[in-house]
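The hints should help you fit chains H and Z onto chain A, whose structure is shown.
Chains as they are written, first to last, in the UniProt record's numbering: chain A, 1 to 191; chain H, 1 to 192; chain Z, 1 to 178.
Everything labelled a hint here was simulated from the structure, so no lab data went into it.
Since the model is a prediction, treat every value here as computed from it, not as a measurement.
The C-beta atom is built at its ideal place from N, Cα and C for all residues, glycine as well.
There's no promise every hint is true.
[Claimed, not checked] Here are the simulated distance ranges between beta carbons:
hint: 1; chain 1: Z; residue 1: Met1; chain 2: A; residue 2: Asp107; range: 49 to 57 Å
hint: 2; chain 1: A; residue 1: Asp81; chain 2: Z; residue 2: Phe97; range: 25 to 33 Å
hint: 3; chain 1: A; residue 1: Gln106; chain 2: H; residue 2: Asp42; range: 39 to 47 Å
hint: 4; chain 1: A; residue 1: Gln106; chain 2: Z; residue 2: Pro128; range: 41 to 49 Å
hint: 5; chain 1: A; residue 1: Asp170; chain 2: Z; residue 2: Val84; range: 17 to 25 Å
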Amino acid sequence: MAVRTPRQVGEDVWKTRIEKVNAELVTLTYGSVVAQLCKDFRNDYVQVNEQLESMGYNIGIRLIEDFLARTNSERCRSFKDTAEMISKVGFKIFLNITPAILNWSQDNKQFSLIFDENPLADFVELPDDGKAVNELWYSNILCGVLRGALEMVQLQVEAEFVSDVLRGDDATEMKVTLVRVLEDEMPVGDE
Amino acid sequence: MPSAIRLLALMGRENNPLYVRSFDRDTDSDTDPDRFNSAKADLRYHFLAHIALDVFAARLPSKSADSDFGLLFVQDGIAIYGWMTNTGVKIVLGFSSGEVIGSEIRSIFRAIHFAYISLVCNAFYSVDERRPITSRKFDLSVCRIVEAWNGSAPAPAPPRMSTSTVGSARAAPAGENVTMTYGQSRSGTPVA
Amino acid sequence: MTIYSFWIFDRHCECIYHKDFKRPQRVLRPPTLASTTGDTKENAQQQQKRVVSSGGPPKGTGPLTVDDEAKLVFGVVFSLRNMVTKLAGDRESFFAFKTSKYKLHFFETQTNLRFVMVTDVRVEGIRPILEQIYAGLYVEYVVKNPLSPPEHPGGEGVNNELFSLGLDRFLTPLEIFE
Chain A
1 MAVRTPRQVG EDVWKTRIEK VNAELVTLTY GSVVAQLCKD FRNDYVQVNE
51 QLESMGYNIG IRLIEDFLAR TNSERCRSFK DTAEMISKVG FKIFLNITPA
101 ILNWSQDNKQ FSLIFDENPL ADFVELPDDG KAVNELWYSN ILCGVLRGAL
151 EMVQLQVEAE FVSDVLRGDD ATEMKVTLVR VLEDEMPVGD E
Chain H
1 MPSAIRLLAL MGRENNPLYV RSFDRDTDSD TDPDRFNSAK ADLRYHFLAH
51 IALDVFAARL PSKSADSDFG LLFVQDGIAI YGWMTNTGVK IVLGFSSGEV
101 IGSEIRSIFR AIHFAYISLV CNAFYSVDER RPITSRKFDL SVCRIVEAWN
151 GSAPAPAPPR MSTSTVGSAR AAPAGENVTM TYGQSRSGTP VA
Chain Z
1 MTIYSFWIFD RHCECIYHKD FKRPQRVLRP PTLASTTGDT KENAQQQQKR
51 VVSSGGPPKG TGPLTVDDEA KLVFGVVFSL RNMVTKLAGD RESFFAFKTS
101 KYKLHFFETQ TNLRFVMVTD VRVEGIRPIL EQIYAGLYVE YVVKNPLSPP
151 EHPGGEGVNN ELFSLGLDRF LTPLEIFE
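Just chain A, same shape as in the assembly (with noise of 0.2 Å):
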């Protein structure tokens, strides 16, 4: 059987294995939710980024649950695969886009998504305080759901956005560095 690259194994289960929702719904839905938690801090948005980022998370270590059972993928290879996988099979089958992958680092730890469409952050205008345009990363659920994911496949990365177009940044661009490969987990007591 020929190997299937990332983008045909997304675009099949994508097709084929998902049920499709309405977009405003996801995006109403996010956005309410961000919305009261910039209410319930009072708009403390350090605290907002990290409970979206903590959200995210515990979504990530059930989405990853999904994501293999419906892809059914072999393990990658190298971060390299991985990045491929997040963009091409990920993202795709989830939210239906397929962020660049670009700037990789020297040591091939480290690599950035640049979305040219977000589907969280359609309608969207951040407050105009003055305040949230600098601090607010609106979409950062994004960041704690791959670095929930990773851990679950026993690369522990840490996720961050570098701009926002949000906030009137060109692009909309998440860094991504892999910290280390997590080794198995051995029993406890067990002589």
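Leaving out everything else, chains H and Z in the frame of chain A:
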């Protein structure tokens, strides 16, 4: 060349002004940021918008399900057309009268309605009937719609809405415009 | 052909789900419990535990608690798996081993969830079944249950009705279930 749009007003359900904007040109320059001087004309246009409200109220009892209120009245050389959404938000457009405007006008109402929907869909926008709209994004999209109409520039691409899905994401492949309920382009077939 | 037992171990090496099916030759079962074989499994397990707690740790051919058995099963599959990867490289995994009495099938996900099924020796190639249990039952009823905790210490969240029933409904009509 259709008549130019000179006034756009959005009135809330409680007949409060949400957005009143004049598109009269002070200069011929397309780049002058102050090319739409609102201050001068504001008061007159507020009057027109409020007169329109009375016409809306008068016609409402006999109105069928349609949003289009058509020509409301002509005053001071400005033909006022109206459109009311199902949520009671009224869109008022003032054209420099003279030429008859066909059913194309519906498309521009739809485009503006869509701009309003996008505005309301912003999670940080609090749908407060009392507060006038202050959104840069809304300003921009309205401006684009009106300029496309007034100038010879092609109408703005139809915005996406409603038919897209997420997978959670949208179904339309990137770059493909989803056909949608709102905002047909001006040159498109008028909606029946 | 038949299935004897089914186990799930999480990435922390803990047994998070266990189910006994037909076990005609549970040789390690003490004679005092022979009368309870007709009872429900839970009952039998509880009784076993009670016997152990009163009678001290199992020795020799004494009763084997579910916990001890889980440790043994996990120990075996864990060492086998490690041995296989050491010998044949990271991408290699073992599928099953066989003794004269039973066959043990193993399936590990990339998230280090391990599915183990002990069956009759004649059962062949049930890896797809284990994969289906993972994709169709575990992911659907455990992972996607928003109220279940993300980790399952002591089997919390896994042992829910939907999953148990689903598992029964899925396995019973299979040929290997007999």
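Cβ separation of Met1 of chain Z and Asp107 of chain A, checked against the hinted range 49 to 57 Å | holds (52 Å)
Satisfaction of the hinted span 41 to 49 Å by the C-beta atoms belonging to Gln106 of chain A and Pro128 of chain Z = holds (43 Å)
Using the C-beta atoms of Asp81 of chain A and Phe97 of chain Z, is the stated range 25 to 33 Å upheld?
-> holds (31 Å)
Outcome for the supplied range 39 to 47 Å, where the beta carbon pair is Gln106 of chain A and Asp42 of chain H = Violated - the Cβ-Cβ distance for Gln106 of chain A and Asp42 of chain H, about 59 Å, lies outside 39 to 47 Å.
Range hint compliance [Cβ, Asp170 of chain A to Val84 of chain Z, 17 to 25 Å] | Once the Cβ atoms are compared, 50 Å apart, the range 17 to 25 Å for Val84 of chain Z and Asp170 of chain A is violated.
Of the numbered hints stated above, those contradicted by the structure are hints 3, 5, listed in ascending order.
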